[in-house]
Amino acid sequence: NFPMFSLAVNIPYNSDTKMYDIGKVTDSGDQVRSTILNCEVYTGRRLVAATVLRWPNVLKQCPAGRVQWPDVLRKCPKTVKTWADVEIKCPEAVYDKRADHAEYRTLQHFNTLVNNHNKEDLLLFYVLASPCDKRCTSESNPFNILTSINQILNWKNYAVVFSDVFKPRGGSIPEGDLRGAIERLRSYKGPLGSIGLKNIFRCNKDKGAVQCRSCSSNNEVARYCFSDDPSPVPGHNLAPLTLSQSGQSVRGRGQTEE
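Residue numbers 1 to 258, in the UniProt record's numbering, belong to the letters of the sequence shown in order.
Misleading hints may appear alongside valid ones.
[Claimed, not checked] In silico DSS-like pairs for lysine-lysine, Cα to Cα no more than 30 Å straight-line: (1) K60 / K89; (2) K97 / K81; (3) K189 / K167; (4) K60 / K81; (5) K24 / K207; (6) K24 / K119; (7) K119 / K205; (8) K205 / K156; (9) K75 / K89; (10) K97 / K167; (11) K24 / K205; (12) K156 / K189; (13) K189 / K134.
By construction, these hints were calculated from the structure, which means they are not laboratory data. These figures come from a predicted structure and were not determined experimentally.
Just need the whole structure built from these sequences, with the hints factored in.
Given below as structure tokens:
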């Protein structure tokens, strides 16, 4: 299975077609995939992407990849360079299931996009699953994303997008906690303001196109965004953020209404 991943892409606005032109994002898909599967963060002028960095999963995903946790290297012999080296020479230096989440890693390299954007561009921040409650949107957790994702407000037009409702390995989370995670993402007030619920979407492929639904329903978190159970009012929060089937454009302009 492909590991949990996240990406941020700066999509230029085409004033002639009145559409966001994803065709201008020319990063090689193969290069992006190769880089992030080697456990590195891909950093381009218009795109940043990463997978989760998790022990011991790295031993299968990128055994020859470089060790990116300085504290682990300090505990190991100086000859240790790769994750395979850690397994052989100093496995006790890293605790089981330690992880840097994909969205956290992507946001740590966000300045590349901030420094190369135009005011009319669309910033699309994507993560495979909705934010987790214990780390991603917990203000008390040093690895939360609330502060770093605030940089998205450097764009006039932006969207935070996910496809799946977060489910931890071997367990479940109460729907109230999942809803609360999105609520905190929406309302956290950083130096640039709050992201706002109207800019958060859940998107899934439907009949060859990616259909997005807003997570805002009467200014509350829509059930569709924290539960896979059918919504009591299906389709009430469809939003005009649609990727074309060809992948050459993104329809819609600005922020959707509440």
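Here is how each hint holds up against the structure:
Of the supplied pair hints, the one linking K60 and K89 holds, its CA atoms being roughly 17 Å apart against a limit of 30 Å. Between K97 and K81 the CA atoms are separated by roughly 20 Å; this keeps the pair inside 30 Å, and the hint holds. A distance of roughly 26 Å separates the Cα atoms of K189 and K167; the hinted pair therefore holds under the 30 Å criterion. Restraint check for K60 and K81: satisfied, since their Cα atoms lie roughly 16 Å apart, inside the 30 Å limit.
Of the pairs offered as hints, the one joining K24 and K207 holds, with about 25 Å between alpha carbons and a cut-off of 30 Å not exceeded. As the CA atoms of K24 and K119 are separated by approximately 16 Å, the hinted pair is consistent with the 30 Å bound. The straight-line distance between the Cα atoms of K119 and K205 is roughly 29 Å, inside the 30 Å bound, and the hint therefore holds. For the proposed pair K205 and K156, the alpha carbon gap of about 26 Å is at most 30 Å, so the pair holds.
Restraint check for K75 and K89: the C-alpha separation of about 10 Å stays at or below 30 Å, so the hint holds. Annotation: proposed proximity of K97 to K167 holds, straight-line Cα distance about 16 Å (limit 30 Å). A threshold of 30 Å between alpha carbons decides the hint, and for K24 with K205 the separation of about 22 Å falls inside it, so the pair holds. For a cut-off of 30 Å, the pair hint linking K156 to K189 stands: about 17 Å separates their Cα positions.
For the proposed pair K189 and K134, the alpha carbon gap of about 19 Å is at most 30 Å, so the pair holds.
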